[in-house]
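For chain A, the structure is supplied; the task is to place chain B on it using the hints.
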Amino acid sequence: MVVTDICPMKKILLAVMLIAAFSSFSQEKFTLSGTVSDSTKGEEIINATIKVKSQNVGVFTNEYGFYSLTLPADTITFVFSALGYNPREVTIELTKNVQLNLKLRNANEKITEIEEVVISAIKQDQQLTDPIMGVERLDPAAIAKIPVLLGEKDIIKTMQLLPGVKSAGEGNAGFYVRGGAADQNLILLDEAPVYNASHLLGFFSTFNSDAIKDAVLYKGNQPANFGGRLSSVMDIKMNEGNNKRYNVSGGIGVISSRLNVEGPIVKDKASFLISGRRTYVDLFLKATEQFKENKLYFYDLNAKVNYRINQKNRVFLSGYFGRDKLGLGNAFGINWGNATGTARWNHIVNDKLFSNTSVIYSSYDYLIAISSEDVSFDIKSSIKDINIKQEFQYFLNTRNKLRFGINAIHHGIIPGQISANASSGINPLKLTTNKSLEAAIFITNDWSVSEKFTISYGLRLSTFTLLGNGKNVYSYTADGDVLDTMVYKNNSFVKTYPILEPRVSMSYLYSKSASVKAAYARNAQYIHLISNTTTTSPTDLWIPSSLNTKPEISDQVSVGWFKNFKENSYELSVETYYKSMQNQIDYRNSANTQANELIEGELLYGIGRAYGVEVMLKKKTGKFTGWLGYTLSRSERKIEGINSNNWYAAKQDRTHDVSLVGIYDITPKLSISALFVFYTGNAVTFPTGKYEVGGTTQYLYTERNGYRMPAYHRMDIGVTWLRKNTAKFESSWNFSLYNVYGRQNAYTINFRQNEDNPNITEAVQTSLFRWIPSVTYNFKFK
Amino acid sequence: MNSFFKLFALFLIVEMLTSCEKIIEVNINDKDPQFVIEGFVTLGETTHRVSITKSQNLSAATVAPTIDNAVVVLSDDLGNAQTMTLVAPGIYEVNSYPVAEGRTYSLSVNIAAEVFVASGTMMQDIPLDTLQTFAFSFGPASINALVPVRQDLAGIKNFYKFSIFSNQLEIEGINIQDDEYNDGNLMQQPIFVDGVESGDTVRVEMYGIDNAVYDYFYTLQQNEAGATPANPTSNFSGGCLGYFSVRTKSVKEIIIP
Chain A
746 MVVTDICPMK KILLAVMLIA AFSSFSQEKF TLSGTVSDST KGEEIINATI KVKSQNVGVF
806 TNEYGFYSLT LPADTITFVF SALGYNPREV TIELTKNVQL NLKLRNANEK ITEIEEVVIS
866 AIKQDQQLTD PIMGVERLDP AAIAKIPVLL GEKDIIKTMQ LLPGVKSAGE GNAGFYVRGG
926 AADQNLILLD EAPVYNASHL LGFFSTFNSD AIKDAVLYKG NQPANFGGRL SSVMDIKMNE
986 GNNKRYNVSG GIGVISSRLN VEGPIVKDKA SFLISGRRTY VDLFLKATEQ FKENKLYFYD
1046 LNAKVNYRIN QKNRVFLSGY FGRDKLGLGN AFGINWGNAT GTARWNHIVN DKLFSNTSVI
1106 YSSYDYLIAI SSEDVSFDIK SSIKDINIKQ EFQYFLNTRN KLRFGINAIH HGIIPGQISA
1166 NASSGINPLK LTTNKSLEAA IFITNDWSVS EKFTISYGLR LSTFTLLGNG KNVYSYTADG
1226 DVLDTMVYKN NSFVKTYPIL EPRVSMSYLY SKSASVKAAY ARNAQYIHLI SNTTTTSPTD
1286 LWIPSSLNTK PEISDQVSVG WFKNFKENSY ELSVETYYKS MQNQIDYRNS ANTQANELIE
1346 GELLYGIGRA YGVEVMLKKK TGKFTGWLGY TLSRSERKIE GINSNNWYAA KQDRTHDVSL
1406 VGIYDITPKL SISALFVFYT GNAVTFPTGK YEVGGTTQYL YTERNGYRMP AYHRMDIGVT
1466 WLRKNTAKFE SSWNFSLYNV YGRQNAYTIN FRQNEDNPNI TEAVQTSLFR WIPSVTYNFK
1526 FK
Chain B
457 MNSFFKLFAL FLIVEMLTSC EKIIEVNIND KDPQFVIEGF VTLGETTHRV SITKSQNLSA
517 ATVAPTIDNA VVVLSDDLGN AQTMTLVAPG IYEVNSYPVA EGRTYSLSVN IAAEVFVASG
577 TMMQDIPLDT LQTFAFSFGP ASINALVPVR QDLAGIKNFY KFSIFSNQLE IEGINIQDDE
637 YNDGNLMQQP IFVDGVESGD TVRVEMYGID NAVYDYFYTL QQNEAGATPA NPTSNFSGGC
697 LGYFSVRTKS VKEIIIP
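Taken in order, these protein sequences are the chains called A and B. Take 746 as the starting number for the first sequence in the working numbering and just add one per residue. Take 457 as the starting number for the second sequence in the working numbering and just add one per residue.
If we strip away everything but chain A, and leave its shape as in the complex, we get:
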């Protein structure tokens, strides 16, 4: 064997394999493998624990409910458990390889038959032992009682109540993680990236809670199988659909309604799920004389089917389609939306090796149409991804779990295209499709070094290639003027960037109820969202890395302390992080970012840094549950050409951020909830002087983001009343009041001249949403 022929990736792979194999020894061993699922719905349970009783040896089920555990031959009692389920003990004679597909009963279900074994006190100490830091897991069922704006429960808005995650503004579904920008979050729905995760100018997220099984947020320390964004990965998985019986459930709310239908196609083998949602603000508009010509609504649809071909093979098809429509009579209309589709094949190669192959499509587009008597034209823009992913999970032994694979994405971006009728006087314009290829190879291993020390380490090698499209490729001078123009043949390589992204995360359990963790991760981002408005806009544009725009890179180090109290019913965690960022993007003064072929000439590049401390105290069990989160942080940028090249606060820089969430179950059927949020205002640019030009007053600016918006705070309350719960039917009412004490939080601050004395300048604060009540009726036919 010629060692020099081995590429670095292979070497690393070999090394990982060797380390992983190190702890195995030559006693005869057998494997217990299978899936863990919900006893009534048949849905696989993610992250269920399988442990050897009274030992600290075990595994978690993967995202498809699969587990595999290899142990020396013996008669062993295993404990199967999962959050929200009654645990079960199973004794197995492990003298050969055993397959066990086990069902767990939901803890809230009425027990109608005697359980084989019921264990009452189960340790839920995953927060202590999981080596991955900065991770938040949300169960849609658990958030149902938290009050929300207009009664539409929303997984992203609940995520915003966690430390390190900040809302992009009043009622906004955009969010910032650890000082990163809104476009630095990778939002995945069944592995498909969702490019614009908001409806109605950001007041709703695109995720219909009815269709969601699980949501996990990694705040920068994502394992190596994820990549492509700097700040975070929000991994959302859709329900599979009940494979035992049909269910129809839904909700009727003040401004929207939901309907969810699921059931078996072939019992225990195949099931489907269709979940839809539509708002009907426009129906109210129709009732008014003033607004009856206007359109304003969104809808979305989630659908999924899965088929278990046999014990070893299973296929899934899932999709999302959502659209927003706004219109003023026939004169003006804009609509936008995402479409995603995922086809997956799970294959159990053997009892230790699990394979998943995914083909993923994702698109986002918007269309603006304007028409009057003489003039009619429309503007279109879109991004389309085709994505192929092959991943293996190798359950090597009880101490090592390997995950490795490859991923390739083809991005096609149409930055803007104008079509117009001949008499409009507007020349049609087609900016050519930007094509690029993002590819990655990754390997990661979860290694339990000892009972106390676990480490997850991995490596991702990602590359990005800008492809030629037969049209001009520009390079720019420091002033943003075109320096050089070149033409590359279709699909030829214009520029390739390779980046090695190491990730490591570890946990040391220094007592039964406390652990310390440390992590380092490098992340790369190759596509960038150009948004030069104060709020998110559906017309914001994605651009690929190019000759001028380099990939964004971040390095994040974090350490944390985790402690559980009172039989694990309280969790306390303190995490601190420092993140440095390269090739960050900001805009030249008064940049033109719309339908501009030379858009990169409007951009400025520099570096960023973000650091902070996140404290979280959570109560997980009992009549009263909830959490208190606090974040102290900074996020700054240093960009050539802005504020004399000095460090300045990023827009999302907020010093303090507090959220308090409480839910109290008065009776099993009646619960009340409340939340309170407080945060420092965003950094903002205000004028420092004024002058007269063209007969009007103009403002004089000195520095970008040199001022602060006023502090934001608000309290919401809610009541959930479970009215009926029979074997066939369930119904509940949900009442909530947003902004209980009617605080006028600043949405924008503008300056204008006093009407009576134009020499006086006034600061005018606009605020939204005072005392928004809502009521939702939820039902379920079982």
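Simulated from the structure, these hints should not be mistaken for laboratory data. Incorrect hints may appear among the rest.
Stated by the list, open to error - Using 27 Å as the maximum straight-line C-alpha spacing, the simulated DSS-like pairs for lysine-lysine come out as follows:
hint: 1; chain 1: A; residue 1: K1125; chain 2: B; residue 2: K613
hint: 2; chain 1: A; residue 1: K1383; chain 2: B; residue 2: K613
hint: 3; chain 1: A; residue 1: K1216; chain 2: B; residue 2: K613
hint: 4; chain 1: A; residue 1: K1097; chain 2: A; residue 2: K1014
All values derive from a computational prediction rather than experimental measurement.
Leaving out everything else, chain B in the frame of chain A:
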């Protein structure tokens, strides 16, 4: 098109949600005053005017202070130079100074030994063919749109700025257009103006301006809604605010039906 969207978003937020406005106190730092120079050379006219003022702190409640001791010289590329005279506080004028297409004009302003210089080239004249109007229904209300129709010159970048007067009173707002998507076409993009009613006499003054002045006003327009407001780039050297505009002019009037 972003402005369309912003307008629409604003309309939504203002009209449909329970938004409310209030005047608040904002603590703003003081800022050293800067000179503000605004100068015009207009094709077809022989009197040209420059105004010079100073900027103030945001908290100031007085009119902008004027500069009355400047030495202002207008010259062209043929060497015709004339010193302007102070005709009113902060206002300097020159009379009997004819201008021509294709010629480059320079303005030099000397204020207590500080010198500011700008120049611009007179574009080819583009006259307004007609001025039309139509009612554009925008939500519940209808807005009167003005359509200044003219033939754009093909092959060169043209920039237009409009001043709109209703019954002799100027309507505030920056109205600019360029020919990026209409080069060489019959230009008829509408201008939406608030407060123009049926029966009003509306006068539109169209100016053919150069790229630098267009960018200046584009920045001011962007400042009204963008997240990165900034001072526009002046075409004066020497570090002052304001601009020097060498421009063509065409005027039409219409009575709103």
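Hints, verified against the model:
1. A:K1125 with B:K613: holds (25 Å)
2. A:K1383 with B:K613: violated (35 Å)
3. A:K1216 with B:K613: Measuring from Cα to Cα gives roughly 22 Å; hence the hint holds.
4. A:K1097 with A:K1014: holds (23 Å)
Checked against the numbered hints above, the structure violates only hint 2.
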